[in-house]
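Each chain is listed here by its residues.
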Amino acid sequence: SQQGEEDPQALSIQEGENATMNCSYKTSINNLQWYRQNSGRGLVHLILIRSNEREKHSGRLRVTLDTSKKSSSLLITASRAADTASYFCATDFTGGGNKLTFGTGTQLKVEL
Amino acid sequence: GAVVSQHPSWVICKSGTSVKIECRSLDFQATTMFWYRQFPKQSLMLMATSNEGSKATYEQGVEKDKFLINHASLTLSTLTVTSAHPEDSSFYICSGEIWDGQETQYFGPGTRLLVL
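Respectively, the protein sequence lines represent chains A and B.
My numbering applies: residue 3 is where the first sequence begins, and numbers increase by one.
My numbering applies: residue 32 is where the second sequence begins, and numbers increase by one.
Note that these hints are calculated values from the structure, not bench results.
Everything numeric in this text was worked out from a predicted model, so none of it was measured.
Ideal Cβ placement from N, Cα and C applies to all residues, glycine included.
Warning: the hint list may mix true and false statements.
[Said to hold, decoys possible] Straight-line Cα separation of at most 20 Å, DMTMM-like style, residue types lysine to aspartate or glutamate; simulated pairs:
#	chain 1	residue 1	chain 2	residue 2
1	B	K51	B	E118
2	A	K28	B	E90
3	A	K58	A	D85
4	B	K51	B	D131
5	B	K95	B	E118
6	A	K72	A	D9
7	A	K72	A	E7
8	A	K71	A	E55
9	B	K86	B	E128
10	B	K72	A	E55
11	A	K101	B	E128
12	A	K101	B	D131
13	A	K58	B	D96
14	B	K45	B	D58
15	A	K101	B	E83
16	A	K101	B	E94
17	A	K101	B	E90
18	B	K72	A	D85
19	B	K97	B	E128
20	B	K95	B	D119
21	A	K111	A	E17
22	A	K71	A	E57
23	A	K111	A	D9
24	A	K58	B	E134
25	B	K72	A	D9
26	A	K101	B	E134
[Unchecked claim] To be clear about the criterion: a stretch of chain A counts as covered by chain B if any three or more of its residues have a C-beta under 8 Å from a C-beta of chain B, and this derived list gives those stretches:
#	segment
27	34-44
28	94-107
Between the sequences and the hints, there should be enough to build the whole structure, so can you do that?
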């Protein structure tokens, strides 16, 4: 299976703290994307990082990519209660025809 | 922009019946749409790639005769779960692909199917 692994599976933090989620994958990729999913809802695209990029920022989000280790991390700074959701990484793997393979997900809970 | 809708948002049906789920790109044309299935507290698993005007490409282990996909126009793809059984109960999500500087998938809100 191409599916990636994410850790931790669940993360609970206080509002204002930073949240870090990690994603590992198995094959070479064109890009890696992060999505957020609120309970029982669709996915919201957060950020895309290409295989030749090492770091990318978008607002309170910071994504890193280490292709030598086949891993990525998503950092959410100054978290808010509204950030409570599941976060998935998804890889567009080389030769996959733009198909996305999703990781196992991290459930983030931000408490007031 | 890049909004995808799904209908219905939830459906309950009896075992043995067929259920059709629609996926529409509202403000863009999607040559390619994808169908995913998500079981509770699990990740999304790609079921098939739907290409406008041609047959869908199914992932390994997905029965094409059970999950019928039709992509009749650039804004509409349908997934029909035929002879549904309780094990087909799941959250079905579609996405439409668009080029906005890169190939990006925009996801619909999902359809929750419960087969009794």
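Results of checking the hints against the structure:
Restraint check: the Cα-Cα separation between B:K51 and B:E118 comes to about 17 Å, which is no more than 20 Å; the hinted pair holds. Taking the CA atoms of A:K28 and B:E90, the gap is about 18 Å. The hint holds against a cut of 20 Å. Between A:K58 and A:D85 the CA atoms are separated by roughly 19 Å; this keeps the pair inside 20 Å, and the hint holds. Taking the CA atoms of B:K51 and B:D131, the gap is near 30 Å; set against the 20 Å cutoff, the hint is violated.
As the CA atoms of B:K95 and B:E118 are separated by approximately 16 Å, the hinted pair is consistent with the 20 Å bound. For the proposed pair A:K72 and A:D9, the alpha carbon gap of about 14 Å is at most 20 Å, so the pair holds. For the given pair, A:K72 sits about 11 Å from A:E7 by alpha-carbon distance, which is consistent with the 20 Å threshold. For the given pair, A:K71 sits about 14 Å from A:E55 by alpha-carbon distance, which is consistent with the 20 Å threshold.
Straight-line distance between C-alpha atoms of B:K86 and B:E128 comes to about 17 Å, which keeps the hinted pair within the 20 Å bound. For the given pair, B:K72 sits about 31 Å from A:E55 by alpha-carbon distance, which is inconsistent with the 20 Å threshold. In summary, the hint linking A:K101 to B:E128 is supported, as the alpha carbons are separated by about 10 Å, within the 20 Å threshold. The straight-line distance between the Cα atoms of A:K101 and B:D131 is roughly 16 Å, inside the 20 Å bound, and the hint therefore holds.
About 43 Å separates the Cα atoms of A:K58 and B:D96, which puts this hinted pair outside 20 Å; it is violated. The suggested pairing of B:K45 with B:D58 is violated, with an alpha-carbon distance near 34 Å, which exceeds 20 Å. Taking the CA atoms of A:K101 and B:E83, the gap is near 16 Å; set against the 20 Å cutoff, the hint holds. Between A:K101 and B:E94, the direct Cα distance comes to roughly 18 Å. Compliance with the 20 Å bound is thereby established for this hinted pair.
Proposed proximity of A:K101 and B:E90 is supported: the alpha carbons are some 10 Å apart, at most 20 Å. Note on B:K72 and A:D85: the hinted pairing holds, with a Cα-Cα distance of about 18 Å set against a maximum of 20 Å. Distance restraint check for B:K97 and B:E128: the Cα-Cα separation of roughly 24 Å exceeds the 20 Å cut-off, and the hinted pair is therefore not satisfied. Restraint check for B:K95 and B:D119: the C-alpha separation of about 14 Å stays at or below 20 Å, so the hint holds.
Between the alpha carbons of A:K111 and A:E17 the distance comes to roughly 9 Å, so the proposed pair stays at or under 20 Å and holds. Between A:K71 and A:E57 the alpha-carbon distance is near 14 Å, which keeps this suggested pair within the 20 Å criterion. In summary, the hint linking A:K111 to A:D9 is supported, as the alpha carbons are separated by about 14 Å, within the 20 Å threshold. About 18 Å separates the Cα atoms of A:K58 and B:E134, which keeps this hinted pair within 20 Å; it holds.
With a CA separation close to 14 Å, the supplied pair B:K72 and A:D9 stays within the 20 Å bound. Only pairs whose Cα atoms come within 20 Å are accepted, and A:K101 paired with B:E134 is accepted, the gap being roughly 10 Å. Remark: the segment 34-44 of chain A is confirmed as covered by chain B, as 4 of its residues place a Cβ nearer than 8 Å to a Cβ of that chain, reaching the required three. Beta-carbon proximity to chain B at under 8 Å applies to 10 residues in the segment 94-107 of chain A; the threshold of 3 is reached and the given coverage holds.
Hint violations for this structure: numbers 4, 10, 13, 14, 19, all remaining hints satisfied.
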